[in-house]
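S.K.: Hey, can you work out the whole structure from these sequences and the hints?
Number of protein chains: 2
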Amino acid sequence: MRTSQYLLSTQKETPADAEVISHQLMLRSGMIRKVASGLYNYLPTGLRVLNKVANIVREEMNRAGAIEILMPVVQPADLWEESGRWEEYGPELLRIKDRHHRDFVLGPTHEEVVTALVRNEVSSYKQLPLNVYQIQTKFRDEVRPRFGIMRGREFTMKDAYSFHLSQECLQTTYDKMYAAYCRIFERIGLDFRPVIADTGSIGGSASHEFHVLADSGEDDIAFSNASDYAANVEMAEALAITQPAEAEAELTKVATPEQRTISDVSTFLNIPVEKTVKTLIVYGVTDEDGNTPLVALVLRGDHTLNEIKAEKHPLVGTPFAMADETVVEAQLGCNFGSIGPVGLAIPVIADRSAATIPNFVCGANENDVHLTGVNWSRDVSEFTEFDLRNVEAGDKSPDGQGTLEIKRGIEVGHIFQLGDKYSKAMNCGVLSETGKHETLTMGCYGIGVSRIMAATIEQNHDKYGIKWPDAIAPFKVAIIPMNMHKSHRIKEVAEQLYDDLLAQGVEVLFDDRKERPGVMFNDMELVGVPHAIVIGERNLDNNEVEYKNRRTGEKSMLSIDNLVDFLTSL
Amino acid sequence: MRTSQYLLSTQKETPADAEVISHQLMLRSGMIRKVASGLYNYLPTGLRVLNKVANIVREEMNRAGAIEILMPVVQPADLWEESGRWEEYGPELLRIKDRHHRDFVLGPTHEEVVTALVRNEVSSYKQLPLNVYQIQTKFRDEVRPRFGIMRGREFTMKDAYSFHLSQECLQTTYDKMYAAYCRIFERIGLDFRPVIADTGSIGGSASHEFHVLADSGEDDIAFSNASDYAANVEMAEALAITQPAEAEAELTKVATPEQRTISDVSTFLNIPVEKTVKTLIVYGVTDEDGNTPLVALVLRGDHTLNEIKAEKHPLVGTPFAMADETVVEAQLGCNFGSIGPVGLAIPVIADRSAATIPNFVCGANENDVHLTGVNWSRDVSEFTEFDLRNVEAGDKSPDGQGTLEIKRGIEVGHIFQLGDKYSKAMNCGVLSETGKHETLTMGCYGIGVSRIMAATIEQNHDKYGIKWPDAIAPFKVAIIPMNMHKSHRIKEVAEQLYDDLLAQGVEVLFDDRKERPGVMFNDMELVGVPHAIVIGERNLDNNEVEYKNRRTGEKSMLSIDNLVDFLTSL
Numbered sequence: 050m051r052t053s054q055y056l057l058s059t060q061k062e063t064p065a066d067a068e069v070i071s072h073q074l075m076l077r078s079g080m081i082r083k084v085a086s087g088l089y090n091y092l093p094t095g096l097r098v099l100n101k102v103a104n105i106v107r108e109e110m111n112r113a114g115a116i117e118i119l120m121p122v123v124q125p126a127d128l129w130e131e132s133g134r135w136e137e138y139g140p141e142l143l144r145i146k147d148r149h150h151r152d153f154v155l156g157p158t159h160e161e162v163v164t165a166l167v168r169n170e171v172s173s174y175k176q177l178p179l180n181v182y183q184i185q186t187k188f189r190d191e192v193r194p195r196f197g198i199m200r201g202r203e204f205t206m207k208d209a210y211s212f213h214l215s216q217e218c219l220q221t222t223y224d225k226m227y228a229a230y231c232r233i234f235e236r237i238g239l240d241f242r243p244v245i246a247d248t249g250s251i252g253g254s255a256s257h258e259f260h261v262l263a264d265s266g267e268d269d270i271a272f273s274n275a276s277d278y279a280a281n282v283e284m285a286e287a288l289a290i291t292q293p294a295e296a297e298a299e300l301t302k303v304a305t306p307e308q309r310t311i312s313d314v315s316t317f318l319n320i321p322v323e324k325t326v327k328t329l330i331v332y333g334v335t336d337e338d339g340n341t342p343l344v345a346l347v348l349r350g351d352h353t354l355n356e357i358k359a360e361k362h363p364l365v366g367t368p369f370a371m372a373d374e375t376v377v378e379a380q381l382g383c384n385f386g387s388i389g390p391v392g393l394a395i396p397v398i399a400d401r402s403a404a405t406i407p408n409f410v411c412g413a414n415e416n417d418v419h420l421t422g423v424n425w426s427r428d429v430s431e432f433t434e435f436d437l438r439n440v441e442a443g444d445k446s447p448d449g450q451g452t453l454e455i456k457r458g459i460e461v462g463h464i465f466q467l468g469d470k471y472s473k474a475m476n477c478g479v480l481s482e483t484g485k486h487e488t489l490t491m492g493c494y495g496i497g498v499s500r501i502m503a504a505t506i507e508q509n510h511d512k513y514g515i516k517w518p519d520a521i522a523p524f525k526v527a528i529i530p531m532n533m534h535k536s537h538r539i540k541e542v543a544e545q546l547y548d549d550l551l552a553q554g555v556e557v558l559f560d561d562r563k564e565r566p567g568v569m570f571n572d573m574e575l576v577g578v579p580h581a582i583v584i585g586e587r588n589l590d591n592n593e594v595e596y597k598n599r600r601t602g603e604k605s606m607l608s609i610d611n612l613v614d615f616l617t618s619l
Numbered sequence: 050m051r052t053s054q055y056l057l058s059t060q061k062e063t064p065a066d067a068e069v070i071s072h073q074l075m076l077r078s079g080m081i082r083k084v085a086s087g088l089y090n091y092l093p094t095g096l097r098v099l100n101k102v103a104n105i106v107r108e109e110m111n112r113a114g115a116i117e118i119l120m121p122v123v124q125p126a127d128l129w130e131e132s133g134r135w136e137e138y139g140p141e142l143l144r145i146k147d148r149h150h151r152d153f154v155l156g157p158t159h160e161e162v163v164t165a166l167v168r169n170e171v172s173s174y175k176q177l178p179l180n181v182y183q184i185q186t187k188f189r190d191e192v193r194p195r196f197g198i199m200r201g202r203e204f205t206m207k208d209a210y211s212f213h214l215s216q217e218c219l220q221t222t223y224d225k226m227y228a229a230y231c232r233i234f235e236r237i238g239l240d241f242r243p244v245i246a247d248t249g250s251i252g253g254s255a256s257h258e259f260h261v262l263a264d265s266g267e268d269d270i271a272f273s274n275a276s277d278y279a280a281n282v283e284m285a286e287a288l289a290i291t292q293p294a295e296a297e298a299e300l301t302k303v304a305t306p307e308q309r310t311i312s313d314v315s316t317f318l319n320i321p322v323e324k325t326v327k328t329l330i331v332y333g334v335t336d337e338d339g340n341t342p343l344v345a346l347v348l349r350g351d352h353t354l355n356e357i358k359a360e361k362h363p364l365v366g367t368p369f370a371m372a373d374e375t376v377v378e379a380q381l382g383c384n385f386g387s388i389g390p391v392g393l394a395i396p397v398i399a400d401r402s403a404a405t406i407p408n409f410v411c412g413a414n415e416n417d418v419h420l421t422g423v424n425w426s427r428d429v430s431e432f433t434e435f436d437l438r439n440v441e442a443g444d445k446s447p448d449g450q451g452t453l454e455i456k457r458g459i460e461v462g463h464i465f466q467l468g469d470k471y472s473k474a475m476n477c478g479v480l481s482e483t484g485k486h487e488t489l490t491m492g493c494y495g496i497g498v499s500r501i502m503a504a505t506i507e508q509n510h511d512k513y514g515i516k517w518p519d520a521i522a523p524f525k526v527a528i529i530p531m532n533m534h535k536s537h538r539i540k541e542v543a544e545q546l547y548d549d550l551l552a553q554g555v556e557v558l559f560d561d562r563k564e565r566p567g568v569m570f571n572d573m574e575l576v577g578v579p580h581a582i583v584i585g586e587r588n589l590d591n592n593e594v595e596y597k598n599r600r601t602g603e604k605s606m607l608s609i610d611n612l613v614d615f616l617t618s619l
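Protein chains in written order, with the numbering used here: chain A, 50 to 619; chain B, 50 to 619.
Keep in mind that the hints were calculated from the coordinates and are not lab data.
Possibly wrong hints are sitting among the right ones.
Copies of the same chain look alike in the list, so a pair counts if it fits in one copy or across any two.
What the hints assert, rightly or not - Calculated pairs, SDA-like style, for lysine to any residue (alpha carbon to alpha carbon, straight line, at most 25 Å):
id, residue 1, residue 2
1, K146, P194
2, K525, I105
3, K512, G266
4, K175, H537
M.R.: This is the structure:
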């Protein structure tokens, strides 16, 4: 492609409303342009990258035995009523009416459509397992679209759905998709982690997210420094941090006037924060008479509560909610800062690490009073242990290998064992080998194709611009002739190289504009073409050109004679 | 692809609600499935064809110098307000509101978005001409979706838009796109005609439609049997059919009681219908005082009025409307059947062929009375000649070469010189070479990618199913082993052939199901795989297999040794 006949559309200025680097660089390098909040045009350079990502995804899906189909963007509401999500799904589901006032949605996902399709097309166990996918435009009406295409409203997604008669069969396909996802992100050249994820409200049994590690990520990922273990912090199991045994001290009441926080109490009593516990009061499960009991959660003073874990305890109410202080004061007789597990008349759940502290400090259930020398077995009549806290960097990895690190990640993929949530609601089953009608078990597998572009930039850039991995670069080679319009010799070498590379099928961007060399260098670095050839008068005297590698910064002189061989072999 | 691991989904029954053959065959062969009115899933086989069509279109667009971009499906209403189409466009434009109650549309076309894009990205004449395209999902809320994907609501379209500083430059790109369109339809293997089209309400100066000839087409196409001339019947110029001169007869009043139609009068008076004229009264252009005059249109008795042509006469009102009979009777004093051009007090416009008839018959402007022996120059005080009629098969071609045939066509492409309709309304211009701000001139170029699939089937099928041209066939070769599950020898040959063809990059569908040979033959004919290899015991004794060409019906025996060479060379 010649830049003179292309829509390069680079910009010098950093756009004011772009918060993250990928958004800034996609605008500056002419990849995307905003049409409206969360809606973007892909300019030619951006679309080239998007298509490369899509093709890698397609190849790996096909290799894994998934079959490509295409479902409509606009979906009839009746399918969403069947699954129950017409009511359940929030305002991110854009509900629309056609000219005949019939209800439709713009598809944010396609479980309903694909389940209805398989219900009609598949009638026998012989046709199973089936794994179908599409690469398609999706719409999610985000309340606050941001970060460019990272969290846009219209986006390109690969979504696959698999159908099975047994959990074993689902697991086999799930493992294949897990492996395919790893290959996809490896081929693109990303530093990523498959992490154990929460199955959340969608239901189902097992789930992994695939995260690209980058400081701008919206999720915290905990992973072992010595094994493959990785989990969303929401999900990472926190092992007990055991403390050395001590001789039991005497249980003592101490006045702690106006010391309300753990930090206050620890300083006031001159006791390490690891020897304190905090007691949080939450709402339990409402009983048949409509009464909602209180439940106490006890954590080590320096640990933080993981609400998702807490919600999984059978005594804790759903959705998780902290109790109001007025309710607590009325029932327990003291304020938040003075509660403790000793003599508490409500169920007590202790985090594993809190439950190992000998001679700890806690509130005395009396305002401005604490207890010291507290020991669980001696002083707390009844409690259960549970994993309640968020893991922290330096914790032991729950697989027993190494310690945990925590980094930020951008979720680019999600695989999910759905179970029978949709197939049951929508009556999707087949005749089994024994002639019985059986409801199918499903998996679903998503990849944010457009989001991968943004995540790749978050992980691959410098102050000059994008450093595309070769696999998804918009062009492989940039030809930068210096002052070509004044030098016949430079023009000749540049044109010959361009023709030769095109003949070899190399994707090349030939900067034939009448621009100063500095402008051309800056544009090619900004756009992130991995390999640049600079053609200048002086080097031509030695029959040489300069080669520059965008990712490594490496520069070298190359003989013109071997140039095409070198560039095609990269 | 092995059928056992594929979603073939063929059906024996012809679906009751599918009116046209392409719709029936796409359902029966497992190409598409209905999701809701005008909304379809593409099953794997259909998507393979769709992608092949899209790739041919993409290659030819790139070759013609167009640059691929991607614009959003959901478009903000404010752009449509700028162009004026928010008001103008009918209910086919699906207007929607997002969660913040802002107005959007589902894009049926992208003139607004692309004009806004170019307005922002292009500032100098140096960046012109620019021709950008996308292949994308569109939505048009048809009042009555029908014929499957032929007239669906959601569909895949290639739309290109070009921008220029001069009409000459636009014409050059227009000609390139015309040529690219011809190459696309030739590569697919379609019998098509580029036809001169009406520019309609979209405005602009020149336009061609590309029609695939098929009996089920919704348009009538007139084309020369001796030249490239082709036009939509709406647009085809009708030359005068001259009649031999005769001595002027006497103008005579004859009573024609209750003879109201041309056919009645012709029979009653025993005069050939070609010697009669009919006079149609239409509304003229409303004047400043709000008065709408009447205008008389005169055609030869056997010709039919072309309203689009009539509307182009400066005296005829827009939109075209026939006058009410009560208005006519009140003003002209007689009913519709007795009107004629002689002594008529309103403007008279005669079709070119009507204006050459000597001694013709017409109404006498008196109920139940006609005139015979009428001659234009002698008896009609004032009239103008104009091309008013529809061409008919056998008419001379307006380019002077050959005669016209009329066939039905399916519109699959449309190219259009838009002029400055959008660029002016949306203020899209650049600085010209002389430093002046100049509004751009635009062209737009559409191809119905999904519709091409349906049109191809309308033109390429027989009673057994689809006969795909090789260029867009879902698979090139079908392997049909007879009773493979009982014969080790057959299985071995089939598996080897499958492996060898895959290794050569041939797209092959290997029917490895445990089905009877008849079922497999029928499915492969229905799906329309162009080349089939049937492997049976008896032929293997001679080291041979049977080859069948789906399009020609040709069958032959092939040696196993040359099989792969033969199939890859096709």
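S.K.: Given a CA cutoff of 25 Å, do K512 and G266 count as a within-copy pair, a between-copy pair, both, or neither?
M.R.: Within one copy only: 19 Å inside, 58 Å across.
S.K.: Using 25 Å as the alpha carbon limit, work out where K175 and H537 are close: within a copy, between copies, both or neither.
M.R.: For K175 and H537, the Cα distance is within 25 Å only across copies (22 Å; inside one copy 69 Å).
S.K.: Using 25 Å as the alpha-carbon threshold, which applies to K146 and P194: within, between, both, or neither?
M.R.: both (23 Å within a copy, 16 Å between copies)
S.K.: If the cut is 25 Å between Cα atoms, do K525 and I105 qualify within a copy, between copies, both or neither?
M.R.: Both ways: K525 and I105 sit 16 Å apart in one copy and 24 Å across, limit 25 Å.
Comparing the model with each numbered hint stated earlier shows that all of them hold.
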